[in-house]
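The lines below spell out each chain.
Number of protein chains: 4
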Amino acid sequence: MRADPKMSLAEVEAFLEAEFPQLRHGGRMVSVESVGPMSARLRLHSDERHLRPGGTVSGPAMFMLADVGIYVAILAQIGPVALAVTTNLNINFLRKPPHGDVLAEISLLKLGKRLAVGEATLFAQGPDGFDDEPVAHAVGTYSIPPR
Amino acid sequence: MRADPKMSLAEVEAFLEAEFPQLRHGGRMVSVESVGPMSARLRLHSDERHLRPGGTVSGPAMFMLADVGIYVAILAQIGPVALAVTTNLNINFLRKPPHGDVLAEISLLKLGKRLAVGEATLFAQGPDGFDDEPVAHAVGTYSIPPR
Amino acid sequence: MRADPKMSLAEVEAFLEAEFPQLRHGGRMVSVESVGPMSARLRLHSDERHLRPGGTVSGPAMFMLADVGIYVAILAQIGPVALAVTTNLNINFLRKPPHGDVLAEISLLKLGKRLAVGEATLFAQGPDGFDDEPVAHAVGTYSIPPR
Amino acid sequence: MRADPKMSLAEVEAFLEAEFPQLRHGGRMVSVESVGPMSARLRLHSDERHLRPGGTVSGPAMFMLADVGIYVAILAQIGPVALAVTTNLNINFLRKPPHGDVLAEISLLKLGKRLAVGEATLFAQGPDGFDDEPVAHAVGTYSIPPR
Numbered sequence: 003m004r005a006d007p008k009m010s011l012a013e014v015e016a017f018l019e020a021e022f023p024q025l026r027h028g029g030r031m032v033s034v035e036s037v038g039p040m041s042a043r044l045r046l047h048s049d050e051r052h053l054r055p056g057g058t059v060s061g062p063a064m065f066m067l068a069d070v071g072i073y074v075a076i077l078a079q080i081g082p083v084a085l086a087v088t089t090n091l092n093i094n095f096l097r098k099p100p101h102g103d104v105l106a107e108i109s110l111l112k113l114g115k116r117l118a119v120g121e122a123t124l125f126a127q128g129p130d131g132f133d134d135e136p137v138a139h140a141v142g143t144y145s146i147p148p149r
Numbered sequence: 003m004r005a006d007p008k009m010s011l012a013e014v015e016a017f018l019e020a021e022f023p024q025l026r027h028g029g030r031m032v033s034v035e036s037v038g039p040m041s042a043r044l045r046l047h048s049d050e051r052h053l054r055p056g057g058t059v060s061g062p063a064m065f066m067l068a069d070v071g072i073y074v075a076i077l078a079q080i081g082p083v084a085l086a087v088t089t090n091l092n093i094n095f096l097r098k099p100p101h102g103d104v105l106a107e108i109s110l111l112k113l114g115k116r117l118a119v120g121e122a123t124l125f126a127q128g129p130d131g132f133d134d135e136p137v138a139h140a141v142g143t144y145s146i147p148p149r
Numbered sequence: 003m004r005a006d007p008k009m010s011l012a013e014v015e016a017f018l019e020a021e022f023p024q025l026r027h028g029g030r031m032v033s034v035e036s037v038g039p040m041s042a043r044l045r046l047h048s049d050e051r052h053l054r055p056g057g058t059v060s061g062p063a064m065f066m067l068a069d070v071g072i073y074v075a076i077l078a079q080i081g082p083v084a085l086a087v088t089t090n091l092n093i094n095f096l097r098k099p100p101h102g103d104v105l106a107e108i109s110l111l112k113l114g115k116r117l118a119v120g121e122a123t124l125f126a127q128g129p130d131g132f133d134d135e136p137v138a139h140a141v142g143t144y145s146i147p148p149r
Numbered sequence: 003m004r005a006d007p008k009m010s011l012a013e014v015e016a017f018l019e020a021e022f023p024q025l026r027h028g029g030r031m032v033s034v035e036s037v038g039p040m041s042a043r044l045r046l047h048s049d050e051r052h053l054r055p056g057g058t059v060s061g062p063a064m065f066m067l068a069d070v071g072i073y074v075a076i077l078a079q080i081g082p083v084a085l086a087v088t089t090n091l092n093i094n095f096l097r098k099p100p101h102g103d104v105l106a107e108i109s110l111l112k113l114g115k116r117l118a119v120g121e122a123t124l125f126a127q128g129p130d131g132f133d134d135e136p137v138a139h140a141v142g143t144y145s146i147p148p149r
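Protein chains in written order, with this note's numbering: chain A, 3 to 149; chain B, 3 to 149; chain C, 3 to 149; chain D, 3 to 149.
Do not rely on the hints blindly, as some may be mistaken.
Note: identical chains are not told apart, hence a pair may lie in one copy or across any two.
[Unchecked claim] Okay, derived cross-link-like pairs now, SDA-like style, lysine to any residue, Cα gap no bigger than 20 angstroms in a straight line:
hint, residue 1, residue 2
1, K98, I146
2, K98, F22
3, K115, I146
4, K115, P148
Hints listed in this document are in silico derivations from the structure and should not be mistaken for laboratory results.
Throw the hints in and build the complete structure from the sequences for me.
Structure (structure tokens):
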């Protein structure tokens with residue numbers, strides 16, 4: 003079940019580059035740091051567009067990071083044969099993130115024929131590296147089209 | 003309980019303009035169409051930045067519209083005395099929206115001293131006006147700081 | 003789209019009686035009050051088993067009412083040809099309900115070939131009838147097996 | 003932050019026994035197996051009342067296990083000084099559990115002054131012990147009364 007993913011990091015990044023050019027709109031917003039069995043790690047590069055007053059990362063930016071992250075973990079695992087579509091995403095905002103990059107650790111909870119469910123735990127970069135305590139946590143469901 | 007809101011539409015728009023200038027980054031993204039007792043209506047102006055391949059409105063853009071919408075309904079009802087913070091948002095994507103504006107109908111389910119809960123139902127503009135069937139539905143919880 | 007449901011109230015109740023006898027375990031816990039196009043109304047009969055200390059209706063009992071209610075609305079609409087399975091349910095507890103019956107108003111937001119999404123708004127019976135303000139609100143997603 | 007919990011396993015069980023006698027209604031339904039820093043493990047003892055046709059554990063029973071489990075982890079950590087109340091619970095049902103006990107691994111994501119957020123991952127007992135793949139996953143938010 004925890005088989006190796008079908009796509010490499012380079013293949014995933016090339017796919018995103020081609021299919022989701024808006025992820026780079028005005029600079030590199032999100033990068034995939036690694037993919038593994040039923041898992042992935044992504045980074046949100048902090049950027050003025052994601053900021054609210056007070057200099058923190060916005061909710062929609064964290065939503066986007068979690069959503070793209072779970073999508074990437076599914077994509078890497080099953081390959082680019084079918085485009086998964088988000089059907090549900092539940093996000094909890096836990097702490098106000100400082101100004102800086104945000105890291106998303108993705109873990110797939112289920113990868114079925116029709117539905118996949120994954121979880122994203124987001125950590126903020128502080129002055130001494132990434133904090134131990136998450137700034138946000140999301141669980142998303144994705145519909146996988148019939149192949 | 004369904005008292006009149008404390009802020010008018012013009013006051014809400016002026017507050018957003020001052021506090022969330024990024025909602026206008028690169029043009030008018032979101033506008034508030036009306037506020038009422040425990041309710042509000044907002045419009046997402048379709049724009050290239052929100053589009054995925056295929057020309058549809060992106061998930062993060064709909065998340066942002068729902069999130070801002072519930073925030074606005076709370077703000078209008080209680081006034082700008084305290085800044086509510088999103089603690090949880092659950093969104094279901096129901097149909098692929100066509101390219102066009104998206105309307106969010108907001109209704110507050112609870113407005114307590116410490117927590118508020120609201121629901122957002124999103125409708126897409128089709129060739130013959132807004133569709134009857136929602137494209138997305140969200141429920142969000144907001145923490146209200148002690149006053 | 004808002005076609006009449008395929009099952010009548012009596013047919014739905016007979017189906018539940020046969021397939022979910024535990025809904026009557028130790029007495030009548032839940033009854034279906036009406037079914038309509040993309041909608042249903044159910045009643046939770048208050049009963050000691052659902053109570054927490056303080057005499058209020060328990061969270062799991064309200065979860066069960068919302069879950070059964072959305073299931074019933076789907077069942078009535080598409081008929082007993084396929085058994086829908088809950089894949090996700092998000093519930094917000096809004097107010098502490100008094101001791102008494104709870105009414106669930108169900109509305110389907112989407113009824114697709116593979117997924118259905120419905121919302122349940124729960125109202126508690128007070129001394130002067132059902133309150134205007136909901137005690138809980140849930141949104142659930144159901145997977146519909148291939149037919 | 004990951005300080006030792008304020009209550010021992012025995013203290014938590016005695017508290018639940020006194021405050022939630024319905025958890026034992028008709029026999030022992032749920033037991034707490036361990037508590038630790040920001041964590042807990044609970045077991046649902048399979049029992050006819052939790053079964054649906056087909057002999058699987060019901061959704062409401064898994065909801066209850068997740069809800070009680072996160073409550074227990076908060077209780078153990080902060081002590082019985084304040085009664086937390088569930089405000090939101092989002093549950094994903096991932097696989098149909100076999101007939102047997104269900105184990106819930108609880109981890110607190112946030113323990114603030116006013117809100118706590120925890121996650122519950124549920125595993126089913128199969129013929130050869132507990133499966134690696136979860137049957138359900140829940141995230142819940144609890145409001146902590148002012149002390």
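Comparing the hints with the structure gives:
1. Taking identical chains as interchangeable, the C-alpha atoms of K98 and I146 lie at most 20 angstroms apart only when they sit on different chains, with a minimum of 14 angstroms there against 33 angstroms within one chain.
2. In this assembly of identical chains, the alpha carbons of K98 and F22 lie at most 20 angstroms apart only when taken from different copies (17 angstroms versus 28 angstroms within one copy).
3. In this assembly of identical chains, the alpha carbons of K115 and I146 lie at most 20 angstroms apart whether taken from the same copy (7 angstroms) or from different copies (13 angstroms).
4. In this homomeric assembly, K115 and P148 come within 20 angstroms of each other (Cα to Cα) both inside a single copy, at 8 angstroms, and across copies, at 12 angstroms.
Taken one by one, the earlier hints all hold for this structure without exception.
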